[in-house]
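4 protein chains.
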Amino acid sequence: MIIQLHNNITEKDRNALNKILSDNKIKFSEISTQFKKYIIGILSNEIDIRLIGNIEGVKDVHRVTDPYKLVSRKWKVNPTVIELGDGVTIGGNGFTLIAGPCSIESEYQVQKSVEQLKKNNVKIMRGGVFKPRSSPYAFRGLGIEGLKMLHSVCKANGIKIITEVMQVSQIEEMIDYVDVFQVGARNTQNFNLLDALGKVDMPVMLKRGISGTIDELLQSAEYVFFAGNEKLILCERGMRTYEKAYRNTFDINAIPILKEKSHLPVIADPSHGIGIRKHVEKITLAAMVAGADGAMIEMHHEPEIAFSDGQQSLNFEEFDKLVNRLMVLEEGLK
Amino acid sequence: MIIQLHNNITEKDRNALNKILSDNKIKFSEISTQFKKYIIGILSNEIDIRLIGNIEGVKDVHRVTDPYKLVSRKWKVNPTVIELGDGVTIGGNGFTLIAGPCSIESEYQVQKSVEQLKKNNVKIMRGGVFKPRSSPYAFRGLGIEGLKMLHSVCKANGIKIITEVMQVSQIEEMIDYVDVFQVGARNTQNFNLLDALGKVDMPVMLKRGISGTIDELLQSAEYVFFAGNEKLILCERGMRTYEKAYRNTFDINAIPILKEKSHLPVIADPSHGIGIRKHVEKITLAAMVAGADGAMIEMHHEPEIAFSDGQQSLNFEEFDKLVNRLMVLEEGLK
Amino acid sequence: MIIQLHNNITEKDRNALNKILSDNKIKFSEISTQFKKYIIGILSNEIDIRLIGNIEGVKDVHRVTDPYKLVSRKWKVNPTVIELGDGVTIGGNGFTLIAGPCSIESEYQVQKSVEQLKKNNVKIMRGGVFKPRSSPYAFRGLGIEGLKMLHSVCKANGIKIITEVMQVSQIEEMIDYVDVFQVGARNTQNFNLLDALGKVDMPVMLKRGISGTIDELLQSAEYVFFAGNEKLILCERGMRTYEKAYRNTFDINAIPILKEKSHLPVIADPSHGIGIRKHVEKITLAAMVAGADGAMIEMHHEPEIAFSDGQQSLNFEEFDKLVNRLMVLEEGLK
Amino acid sequence: MIIQLHNNITEKDRNALNKILSDNKIKFSEISTQFKKYIIGILSNEIDIRLIGNIEGVKDVHRVTDPYKLVSRKWKVNPTVIELGDGVTIGGNGFTLIAGPCSIESEYQVQKSVEQLKKNNVKIMRGGVFKPRSSPYAFRGLGIEGLKMLHSVCKANGIKIITEVMQVSQIEEMIDYVDVFQVGARNTQNFNLLDALGKVDMPVMLKRGISGTIDELLQSAEYVFFAGNEKLILCERGMRTYEKAYRNTFDINAIPILKEKSHLPVIADPSHGIGIRKHVEKITLAAMVAGADGAMIEMHHEPEIAFSDGQQSLNFEEFDKLVNRLMVLEEGLK
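Residue numbers (my numbering), protein chains in the order written: chain W, 391 to 724; chain R, 391 to 724; chain S, 391 to 724; chain Y, 391 to 724.
Source of the hints: derived by calculation from the structure; they are not laboratory data.
Possibly wrong hints are sitting among the right ones.
Where chains are identical, the list cannot tell them apart; a pair therefore holds if satisfied intra-copy or between any two copies.
[As the list claims (entries may be wrong)] List time: in silico EDC-like cross-link candidates among lysine to aspartate or glutamate, alpha-carbon distance up to 16 Å:
#, residue 1, residue 2
1, K589, E708
2, K464, E535
3, K634, D456
4, K402, D591
5, K634, D605
All chains should be modelled from the sequences, with the hints used to inform the complete structure.
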């Protein structure tokens, strides 16, 4: 049960509400986000919700039986739109492209990428500075200095930044230089990180776990919302399966199902979802018609020498073609 | 190595060719299909292919290193088009819709389905009369009598039939009443059935196995071609994975990969691929933009009372809407 | 609901029983095996089973809510023992070893294998003559002539034979030369084959499908029992998963679960279950202590030159060691 | 390439060594653990290792081509033994039992558990105080106060403690109260946590990821060793697969493969590995004969009222029986 409160609810009303919940032996949690106040009640048995709904400071009451509550579409029917400033948004109408290299490697590379984004009217750049790598011997990213450099180039060009945060202690040092925090597939169930990201006022994009279920992704989003941050984006990036003909199995089914179950925007990551450069375009188009709110594409000015993920990064010509195809398709679908 | 022969190759040329192959210790198989003659040589070491290419009766020689040969796009670059007669085709340009109920249940049901297909200009009907069911206590289909009834209604209306064949002994009794034999996901590696289907001149649509790999599907197609039947269609119908939010994981990645690796047409089965009625449309659109040559859709005049698969069958209104969306999309993509 | 009938039930009693079932709108199937007669009723609602139990010709009545009925342990609490003649059994007490090559290759190989089995007091030999192979270009076995040769050597030495049957038409030609029909992992849901094997009086060992569930294996066994053959053995041979460090994931969990759910004997196939020769022993021991009734081991007098599965076949020295370890363990467990 | 250094290597020798590595363009990392000093060189081409081996301060040089180096058995053939003090060890000879509740719930529960462990001569207790839970609404553990209580009871009774650490900031507050840090299945690739655990002198047990590969587990162990901590234990706890008959698929194959590939001890977690109380004993026995160095068992004085994982926790009677069976088996295997 989700109880939406008026932000200016009086102490008297709060007390009255708490008494009803306690009298009915309902375990409840209070949530206060950058926008609103909620109470989540875990119901073990029936209760007459009019008792609660009649209190002055209560805006609305909804029953939600899913294991996730606040991110469910059962109570919030309209899609959530994430505002990044300067008119850049994710969710609602339209299809938002995010593009850039797997890893930030050099200022030259960032400059080239930004020019390419501007040419194609793409407003958000991706690029990792803290890289989770299976092996301790692999390149782990340029770190916070890389991020500052990325930020200074992007800011000068009106480009927003999404980049991965790997641990709680990085949040504070990163927050002035990013527009969206990305939580990677290995951290989808890093609950301490989710808790901490719930306490800042910055959009968070959550990738589905490497073999995560749709339900687990939604519950991880619930963690962040529960801790106080409503600015959430979901990302489908492929599942680990038995098939060896490609890197991951992009779960196209997850797109309409996430859109049905949650009010949050859903971004597709076809680069990781198939992992083969020449097929990224097809999977991006498929994600769009399946209902995704956008796609995040790995692109590199010279994929052959990329520090990481070169095999799945588009070169600039391929990216131009992808953008063109998306525009034709978007037009055709109107 | 694939050696294409002229159909009128002389005995003398054949002998010369055999001698070269034997002299070079190449294990080889002779294939004779409804269209052409081939020799497949399994190379253990290098050979100068000009030795072979210079023989009069040899049309062409191709190296193919894939485990499958004849179904590979490495030697046959142009897409294969399957002709069902009366101008009905699968493959090449255009997107072919196949629709109908999971199981054939009654003449009334067939009549209703055929009317609905004609209304939407769909030329091929699906419908099972032999149903593979996990439990011996489930409905196993109307059998050959059901097929004859289906055929008489379809023939009168100019509709082609695709239906599942489960075992070798059914081929002969079914062949006069079908236009395409379907091999189901549980029989993808029923090699005796594949051998037998290679010996008839009737198109065969092979579904990917329940947890089959892309490679296994192509090798199963190779079986049929090897036994003499070039009229082959591949079908992606979803994989078995850990995710429980839907029936199967539709493998959108498989579409561009199958199209890249093979010259055979690829049909999507979104009904089994997601198994949830309200999301079938989205997956069909996704399959189209990913490059599928068509889709096979479960549809029922009253899904709520279908003998099988009601939860994934579209009703007529939903099907009309799907066809309309496909047409808009096809138009937009031109 | 399983209704056990006395074999000599009178027509009058049968009629009375049918009337009760019909009056209560119970869908039912009659089963007659080499041993007994049963009626399976699919209950949609409650019925007072005393009505049925009181009929003279009815031996017992059991409620079984599993999707499989006759193979369930819910009605038959004692383990089923399969008798192969000459005192050779599978199931009940003791651990039955089956061993031999993947494929029958030559009389010399069979002779060597039989000597090795006799030396180790192993009474059942495995060896394929019809080989299901993913590629049409791979070795497909010696066929029926190979089986006859195998039989003549084994018979002379008192060794029983288990070998794979791939299609209905092979049953009749094989039946005089085998002691157990094996259904391979690609045919677990070849329902026509299961039906046909239900009609012969010969033990059948069913392998779990390549990505088959435990439930599907039990339902496939139900098919054979339903068609009239109670002599059934189950075989766990590993699942297809994402892990690439070995061939299949041997499902040790399946052993105690199959033993709990069914009265049928369970054989482990560690050779396919891990696919790495040096680890086969450990997995065999694990299967034994987990409750398996036996194990089927691939063994070859010279694995390095085996036509198939050499990488997972033990040589004779390794096999001797395995038998010795099993004996020590069996002794220790007493 | 692993270069083992003498701990007292002179600066001169170090400089000579560095020069050789640089001259040969070898990328290298220096590792200094609680025991020894190593240099890991990533070779892109051949080098004459005698050049390095001849330097005075170099103890030994090994080629290791695995993606993991220091945890590989290719250079360290003898099994690693982890010493917890007071003669309690993990690895080497013998089978080490670890047992206790999923979550620490109360002092009463801890007292009961400790008595039960002492009765069965088990020296290490498990019990979570920080619980990673999919849902923010589930019980998240008693926290650091719970750990202090657990420690005071265990210390008084000579019992060692293993418990899960979820984030870097917990390490310092926990370290005085634990004997082994456990890294849970959701944190196997939390690389920051691994780095931080590499910097403390306390044994670490790494669970395999929820859908982690064997290779990823070994590379995660490499992270900790690389950062300076050699005291490592691996734990197999089941994979996520398509099978729904149990909680996870316990990967029995992983036991001999991990023992072959690494010198680190391997603990089985059959409680999570099958998730069904009545089958935990069988899987534990199987893990033992497959070569595991021990097992970690969930046990509760009253599983029916456990805060978490009650369905897979043994009660005391079942645990007594398990210990007895293990002793019989261990005796039998001698």
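Practice task
Hints the structure violates: just list their numbers, smallest first.
Solution key: 1, 2, 4
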